[in-house]
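Visitor: So the chains spell out like this:
2 protein chains.
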Amino acid sequence: MSIFEDNKLQSTSISELGEFGLIDHITKDFKSKNKTTVKAVGDDAAVLKSALDKLQLISTDMLVEGVHFDLSYVPLKHLGYKSVSVNVSDICAMNGKATQITVSIAISNRFPVEAVEELYSGIKSACEKFNVDLIGGDTTSSVSGLVISVTVIGEAKEEKISYRCGAKVNDLLVVTGDLGAAYLGLQILKREKDIFLANPGVQPDLQGNDYSLQRQLKPEARVNLIEVLEELEIKPTSMIDVSDGLTSEILHLSKCSDVGITIYEDKIPIDHTTMNLAKDLNLNPIFCALNGGEDYELLFTIGQEHYDKLKKDVDFTIIGHVTDKSEGNNFITNDSASHPITAQGWDALKK
Amino acid sequence: MSIFEDNKLQSTSISELGEFGLIDHITKDFKSKNKTTVKAVGDDAAVLKSALDKLQLISTDMLVEGVHFDLSYVPLKHLGYKSVSVNVSDICAMNGKATQITVSIAISNRFPVEAVEELYSGIKSACEKFNVDLIGGDTTSSVSGLVISVTVIGEAKEEKISYRCGAKVNDLLVVTGDLGAAYLGLQILKREKDIFLANPGVQPDLQGNDYSLQRQLKPEARVNLIEVLEELEIKPTSMIDVSDGLTSEILHLSKCSDVGITIYEDKIPIDHTTMNLAKDLNLNPIFCALNGGEDYELLFTIGQEHYDKLKKDVDFTIIGHVTDKSEGNNFITNDSASHPITAQGWDALKK
Numbered sequence: 051m052s053i054f055e056d057n058k059l060q061s062t063s064i065s066e067l068g069e070f071g072l073i074d075h076i077t078k079d080f081k082s083k084n085k086t087t088v089k090a091v092g093d094d095a096a097v098l099k100s101a102l103d104k105l106q107l108i109s110t111d112m113l114v115e116g117v118h119f120d121l122s123y124v125p126l127k128h129l130g131y132k133s134v135s136v137n138v139s140d141i142c143a144m145n146g147k148a149t150q151i152t153v154s155i156a157i158s159n160r161f162p163v164e165a166v167e168e169l170y171s172g173i174k175s176a177c178e179k180f181n182v183d184l185i186g187g188d189t190t191s192s193v194s195g196l197v198i199s200v201t202v203i204g205e206a207k208e209e210k211i212s213y214r215c216g217a218k219v220n221d222l223l224v225v226t227g228d229l230g231a232a233y234l235g236l237q238i239l240k241r242e243k244d245i246f247l248a249n250p251g252v253q254p255d256l257q258g259n260d261y262s263l264q265r266q267l268k269p270e271a272r273v274n275l276i277e278v279l280e281e282l283e284i285k286p287t288s289m290i291d292v293s294d295g296l297t298s299e300i301l302h303l304s305k306c307s308d309v310g311i312t313i314y315e316d317k318i319p320i321d322h323t324t325m326n327l328a329k330d331l332n333l334n335p336i337f338c339a340l341n342g343g344e345d346y347e348l349l350f351t352i353g354q355e356h357y358d359k360l361k362k363d364v365d366f367t368i369i370g371h372v373t374d375k376s377e378g379n380n381f382i383t384n385d386s387a388s389h390p391i392t393a394q395g396w397d398a399l400k401k
Numbered sequence: 051m052s053i054f055e056d057n058k059l060q061s062t063s064i065s066e067l068g069e070f071g072l073i074d075h076i077t078k079d080f081k082s083k084n085k086t087t088v089k090a091v092g093d094d095a096a097v098l099k100s101a102l103d104k105l106q107l108i109s110t111d112m113l114v115e116g117v118h119f120d121l122s123y124v125p126l127k128h129l130g131y132k133s134v135s136v137n138v139s140d141i142c143a144m145n146g147k148a149t150q151i152t153v154s155i156a157i158s159n160r161f162p163v164e165a166v167e168e169l170y171s172g173i174k175s176a177c178e179k180f181n182v183d184l185i186g187g188d189t190t191s192s193v194s195g196l197v198i199s200v201t202v203i204g205e206a207k208e209e210k211i212s213y214r215c216g217a218k219v220n221d222l223l224v225v226t227g228d229l230g231a232a233y234l235g236l237q238i239l240k241r242e243k244d245i246f247l248a249n250p251g252v253q254p255d256l257q258g259n260d261y262s263l264q265r266q267l268k269p270e271a272r273v274n275l276i277e278v279l280e281e282l283e284i285k286p287t288s289m290i291d292v293s294d295g296l297t298s299e300i301l302h303l304s305k306c307s308d309v310g311i312t313i314y315e316d317k318i319p320i321d322h323t324t325m326n327l328a329k330d331l332n333l334n335p336i337f338c339a340l341n342g343g344e345d346y347e348l349l350f351t352i353g354q355e356h357y358d359k360l361k362k363d364v365d366f367t368i369i370g371h372v373t374d375k376s377e378g379n380n381f382i383t384n385d386s387a388s389h390p391i392t393a394q395g396w397d398a399l400k401k
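Protein chains in written order, with the working numbering: chain A, 51 to 401; chain B, 51 to 401.
For the record, the hints were derived by calculation from the structure and aren't laboratory data. Be aware that a few hints might be false.
It does not matter which identical chain is meant; a pair holds if it fits inside one copy or across any two.
With a cut-off of at most 27 angstroms between alpha-carbon atoms, the simulated DSSO-like pairs for lysine-lysine come out as follows [what the hints assert, rightly or not]:
hint : residue 1 : residue 2
1    : Lys99     : Lys317
2    : Lys99     : Lys210
3    : Lys83     : Lys207
4    : Lys99     : Lys78
5    : Lys81     : Lys317
6    : Lys78     : Lys218
7    : Lys305    : Lys375
8    : Lys218    : Lys83
9    : Lys104    : Lys81
10   : Lys218    : Lys179
11   : Lys362    : Lys83
12   : Lys361    : Lys78
13   : Lys362    : Lys99
14   : Lys285    : Lys329
15   : Lys317    : Lys179
16   : Lys243    : Lys375
17   : Lys104    : Lys207
18   : Lys85     : Lys317
19   : Lys305    : Lys78
20   : Lys210    : Lys285
21   : Lys85     : Lys99
22   : Lys83     : Lys210
23   : Lys362    : Lys240
24   : Lys210    : Lys329
25   : Lys78     : Lys375
26   : Lys329    : Lys240
27   : Lys240    : Lys210
28   : Lys375    : Lys268
29   : Lys81     : Lys305
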């Protein structure tokens, strides 16, 4: 389906299988692993048995063709993987563990069965990676684009759940991994699409940009880092995942927690390949890191007593701290100037 | 929005509110009532506390403009109500009680905020009617039509859950309410749309068809009849809801339960207004009842020992019985002829 793939898919019409046949066909290889899954796909509803000592977490995301993804450069397998991963990320952002998902898709008749198989192979791959069971869904036709709606179910002990609203003055603000690469990956894909449209004979040039492309096309929910926090006996006082962009998430945490947050330019973690790529594309890497979004890293606050546990761990970067609400939300640049972070993102760096 | 409504909606652009503002705006009047709802809308995930003595039921449905509904004749408020009701119906079909829903929508920019408010007023009305809490969702733009994806969560004691697969030979087959009206309601709406398109000056003629129109536009999940079954101490051996049509659902029950099912023409419950309307539209009422779909009645099997409890209740009709698988699925007409029920529905009556 993608301009960047060999299109050697066989073409079987969905109508040959029918809706029920299609559901049977695409879900037959999914095996449930979680003991809370009593009955998965196949009845009017799935049946779950809740863990007695835990609360349940539910989140849902909808991905729409032409809004969230462009099938001319997003491989269906990656799209399937991403649709699960971004939902699992929401459960991570509650300090919980994802256990089940439902996946509903609206697909155009132009999709052959093999395309649906590609999509579900990515969904299956993500289910295996994140140890979540596919327990249900809906498959329908679409008169226009592809729509994927995923609902994820997770669990956490009550005392472990991190809401957005618990940040306290003097807490440290921590972000996992690095930021900005997913945004740059998208810029590369858009650039190559434009070149392809202008001259379909030109092969796309994606070489050397593996990291940013993978961050955009196949983001990984930070399940492993939730486990690290558990091992380190750190419970974030507040947490969110970076889907819309760092500044946007900071505003959510500070608003919900009724505090201010200050972050520092020189602390923002940016991969060296992101730095170089931003320069190649004539973009400011700090702007990409602050406003790019889709990094699916975790942003959280912790009490200062945990500082020593995280200070040497390369997966976690302390980028700021929590202040009184009266101080507002601020970005301190390398020249020590303070700029308020606004709902529109921190615009001063926009080129 | 509808050709059948006065279009006096004010027009406020969604972009004036933004996504987060829109979510706040449309969810602020929803109050949670179920004690299992710990935290509803507003964080990365909702938080639920499961009832200790119950299993949880999860189901999801996606409604797509141009496939499942036509906004030229479906009022948004009814659409919102229906999107909840059809999901609650899936939980009824498991013999459970719905408790929470998530609602994700993809909406075109052509939608003013007031249209989204209409949609959510119907969702709110259904939440109140069925006593379910709105706990989350996603709101995104759409480059084409409206898409609504609802996931419903419910609960039931383990020993009460009715799957599709438990029907036993000699069980009685029961259907609630009456069939065929929703299909005829749709035919009326389509007819009036065609007339309107041919001559926009003509007012739609919907008079006298209240019942079939309501069955199509605002179906009611049969929550009340699940409660009646509980009071009568009847647990269906198998159950499904009638969404695709009676024959289609019979095939699901018989396939899953590895049995045959025989139904009788003279037992099929059809409202007298449905009878008359079918004749007016030159359609066979039995065909409408067998294949029409969208009635959202419950179809279930019970042991013969329960016969006396239901035989005089007008809300329940015994329409057939379960046979050995070798006998297949059969429809017995009034002249005692037996016709096999096939995956294509029982075509012999098609006019």
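Visitor: With 27 angstroms as the alpha-carbon cut-off, assign the pair lysine 85 and lysine 317 to within, between, both or neither.
Guide: For lysine 85 and lysine 317, neither the intra-copy (42 angstroms) nor the inter-copy (44 angstroms) Cα distance is at most 27 angstroms.
Visitor: Classify it for me, lysine 210 with lysine 285: is the Cα-Cα distance of at most 27 angstroms met within a copy, between copies, both or neither?
Guide: Classified as within: same-chain Cα gap 6 angstroms, cross-chain 39 angstroms, threshold 27 angstroms.
Visitor: Could you place lysine 305 and lysine 78 in one of the four classes (within, between, both, neither) given a Cα distance threshold of 27 angstroms?
Guide: Only across copies: lysine 305 and lysine 78 sit 17 angstroms apart there, 45 angstroms inside one copy, limit 27 angstroms.
Visitor: Since the copies are identical, ignore which copy is meant and state whether lysine 218 and lysine 83 lie within 27 angstroms (CA to CA) inside a copy, between copies, both or neither.
Guide: Neither, since 38 angstroms and 30 angstroms both go past 27 angstroms.
Visitor: When no copy is specified for lysine 85 and lysine 99, does a C-alpha distance of 27 angstroms or less occur within a copy, between copies, both, or neither?
Guide: both (8 angstroms within a copy, 18 angstroms between copies)
Visitor: At most 27 angstroms between CA atoms: does that hold for lysine 81 and lysine 317 within a copy, between copies, both, or neither?
Guide: Cα proximity of lysine 81 and lysine 317: none, with 43 angstroms in one copy and 42 angstroms across.
Visitor: As a check of your reading, is lysine 99 near lysine 78 (CA-CA no more than 27 angstroms) within one copy, between copies, both or neither?
Guide: within (22 angstroms within a copy, 31 angstroms between copies)
Visitor: With 27 angstroms as the alpha-carbon cut-off, assign the pair lysine 210 and lysine 329 to within, between, both or neither.
Guide: Neither way: lysine 210 and lysine 329 sit 41 angstroms apart in one copy and 63 angstroms across, limit 27 angstroms.
Visitor: Can you tell me if lysine 362 and lysine 99 fall within 27 angstroms by alpha carbon in one copy, between copies, both or neither?
Guide: neither (40 angstroms within a copy, 37 angstroms between copies)
Visitor: Regarding lysine 240 and lysine 210, is the shortest C-alpha distance of 27 angstroms or less found within a copy, between copies, in both, or in neither?
Guide: neither (41 angstroms within a copy, 54 angstroms between copies)
Visitor: Between lysine 78 and lysine 375, at a C-alpha cutoff of 27 angstroms, which is it: within one copy, between copies, both, or neither?
Guide: between (53 angstroms within a copy, 24 angstroms between copies)
Visitor: For lysine 81 and lysine 305, with the copy left unspecified, which applies at a CA distance of at most 27 angstroms: within, between, both, or neither?
Guide: between (41 angstroms within a copy, 22 angstroms between copies)
Of the numbered hints given earlier, the model fails hints 1, 5, 8, 10, 11, 12, 13, 14, 15, 16, 18, 23, 24, 27 and 28; all others are met.
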